[in-house]
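Colleague: If you want the building blocks of each chain, they are given just below.
2 protein chains.
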Amino acid sequence: MKLTNVLKALVIASIALTPLANADDGKKYRWKLAETWGPNFPIFGDATKNMAKMVKEMSGGRLTIRIDSSNKHKSALGIFDFVKNGQYQMGHSASYYWKGKDINTLFFTTLPFGMTTSEQYAWFYHGGGMELMKEVYDQYGVMSFPGGNTGNQMGGWFRKEINSLDDLKGLKMRIPGFAGEVLAKLGAKPTNIPSGELYTSLERNTIDALEWVGPSLDLRMGFHKIAPYYYTGWHEPATELQFMVNQKAYDELPEDLQAILTIAMKTAAYDMYTQSTHESGKNLATIQQDFPNVKIRTFPAPVMAAIKKANAELLEEFAAKDEMSNKILTSIENYRKQARQWTNFSDRAYLDSLDEK
Amino acid sequence: MKLTNVLKALVIASIALTPLANADDGKKYRWKLAETWGPNFPIFGDATKNMAKMVKEMSGGRLTIRIDSSNKHKSALGIFDFVKNGQYQMGHSASYYWKGKDINTLFFTTLPFGMTTSEQYAWFYHGGGMELMKEVYDQYGVMSFPGGNTGNQMGGWFRKEINSLDDLKGLKMRIPGFAGEVLAKLGAKPTNIPSGELYTSLERNTIDALEWVGPSLDLRMGFHKIAPYYYTGWHEPATELQFMVNQKAYDELPEDLQAILTIAMKTAAYDMYTQSTHESGKNLATIQQDFPNVKIRTFPAPVMAAIKKANAELLEEFAAKDEMSNKILTSIENYRKQARQWTNFSDRAYLDSLDEK
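Chains A and B supply the protein sequences, listed in that same order.
Per this note's numbering, the first sequence starts with residue 33, numbered consecutively.
Per this note's numbering, the second sequence starts with residue 33, numbered consecutively.
Just so you know, these hints were derived from the structure itself, not from any lab.
For clarity, every value in this text was computed on a predicted model and none was experimentally measured.
Ideal Cβ positions, reconstructed from N, Cα and C, are used throughout, including at glycine.
Just to be clear, a hint being listed does not mean it is correct.
Subject to a maximum C-alpha distance of 20 Å in a straight line, what follows is the list of computed EDC-like cross-link-like pairs (lysine to aspartate or glutamate) [stated by the list, open to error]: (1) B:Lys327 <-> A:Asp384; (2) A:Lys204 <-> A:Glu229; (3) A:Lys60 <-> B:Asp57; (4) A:Lys60 <-> B:Glu287; (5) B:Lys340 <-> A:Asp384.
Label pairs and their in silico Cβ distance ranges [what the hints assert, rightly or not]: (6) B:Gly219 <-> A:Glu163: 46 to 56 Å; (7) B:Gln321 <-> A:Glu287: 54 to 64 Å; (8) A:Glu229 <-> B:Glu213: 56 to 66 Å.
With the C-beta cut set under 10 Å, the calculated list includes, among others, these residues of chain A facing chain B [stated by the list, open to error]: (9) Glu89; (10) Ser150; (11) Ala296; (12) Tyr302; (13) Ser308; (14) Lys314; (15) Ile328; (16) Thr330; (17) Ser385.
Could you build all of it, start to finish, from the sequences and the hints given here?
Modeller: Take a look at the structure:
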């Protein structure tokens, strides 16, 4: 038997050993993921680690993903471009950060007065959300997936109580994005400030109020030490982070690794919501125990009504400007109405009937 | 080169092609799963199909799972024994069905006045729930995992309105298990009736009321045509189904297939909650549109208070009788209290502030 024949036999043997034609191709895939967050960022960073660990274990090491945090790639908001250009095969960030590139990426994270987390997952997976997100991202060669939910975000830390709309006038508040625009319509002065400067800005009255996330991530920021009022949320009822995958890199994976990657991302996203629920409950208990003077408040009804009205007007402007925006916003609003009926008669009616608040 | 050398070369080549020692062992695993449900049972049956499909795709066909519904194995409530004895490698059912075998299996599905779905997942994965469940099931050589959540179940369909505790006295209601025992303490006559006879029993006044699941599964049963009152839930706020795996069969799988199986079960469970949320919203809208006379009610506060008191007494009896029951119930109650604070200040405060009900 000649050496070439031996080699032929080896090739045939290697094919025979492959359980499915498109499964283990003998290749090892070494991917890189860029995330918006700094190293060891709690919860958000856990979601990427969780995803990469699941992929490694399920693929028996055939696909491994190195995670680069913002200290490494130096561009917290460059993730979209990294993935689009193929510099990184994957990214972890939030879709609403890309509204400057494409306004329609804005609607796949959360919306003020929008869906709760369970409603929004139902919209993504059964109400047309994934299909609409694909339509928006396809044109950039980027695949976008849910990347983990924070749950309902708190309305923020305030040094003074908000009793009427007048108290919003001139209020200097760190509240970025869409919600900031809503409050600006009511006379507030929204600003954005890097996270490292937030505590000092609030302490020195450079700002009067700020929103961050919720007890899960607020506790370690220390805001409860200098702002006695913690307001319940309206502006981000179900913030969903985002996994991004370069379409070309994905297409080059064997089918079993594609399935492993997709399911690991989905599970890591759900898992992050579960973790957020846990950490929020735990940290809220700590805040209440150690700082009993912190007062949790909801904006008075007339203030809520005015914010809601300003928000609806802003959304109408978006819908009027762009056909795809209109299509997405209509889908969200119709789905929210249908799902909310059930939420009201299930979890809400249940909680209300317990008479515990 | 002799033939034996060629064979040696083939063996070496096959080892070189195996990415990790414990990964693809070249074997194909053909498993069977027995489920409590009949064939094509919606949502519950979708959870097992979803799980098996993920396993097949992620393993490239190395692990496949055949699903036997109750028409095939003829023992809807024999699933625990099937898996324990190794007759089936896997099962899909609900933990509270096994309370006759071990009272402590009762607490891993849902409890009256217990946790909501998001709170309960947080307890399972971060609050010690999985560890307690393992402690209970280990002694049977069975692994137990969350198997999909229905969300908050409705309190049931009633032919007459419940205005006071007197209306519960003598009320013949199909409501099985723990919740039935609670209502019995208040003078109701709980019974269990096979699902196929429920509609006729209610129509012919053999029973006055019944509970099933919620809009997601109630719609196709047609109860809304003959019972005008649909009460909100208290007795199963977060019913979690169950995947079971025979420990020995699991131990024989290579590590990558173990990871694939575990993550597929976890994802299928989360996915079922998302699907339940969707189907409930959709079907509730259908009921409200086609049967506008259906009235959704919550039991009056004094009735709720009495049910809650009877429930607490029953739980105390359980805790007093069995040390492990006490340990599990204490864990659940402590966790529920901590998590509920957050639920009240997040989703509940948000929904209440919208003034939409």
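Colleague: None of the hints should be skipped; say for each whether it holds.
Modeller: Hints and how they fare:
no., hint, result
1, B:Lys327 <-> A:Asp384, "18 Å, holds"
2, A:Lys204 <-> A:Glu229, "15 Å, holds"
3, A:Lys60 <-> B:Asp57, "17 Å, holds"
4, A:Lys60 <-> B:Glu287, "18 Å, holds"
5, B:Lys340 <-> A:Asp384, "14 Å, holds"
6, B:Gly219 <-> A:Glu163: 46 to 56 Å, "52 Å, holds"
7, B:Gln321 <-> A:Glu287: 54 to 64 Å, "42 Å, violated"
8, A:Glu229 <-> B:Glu213: 56 to 66 Å, "58 Å, holds"
9, Glu89, "4 Å, holds"
10, Ser150, "5 Å, holds"
11, Ala296, "7 Å, holds"
12, Tyr302, "4 Å, holds"
13, Ser308, "9 Å, holds"
14, Lys314, "7 Å, holds"
15, Ile328, "6 Å, holds"
16, Thr330, "5 Å, holds"
17, Ser385, "5 Å, holds"
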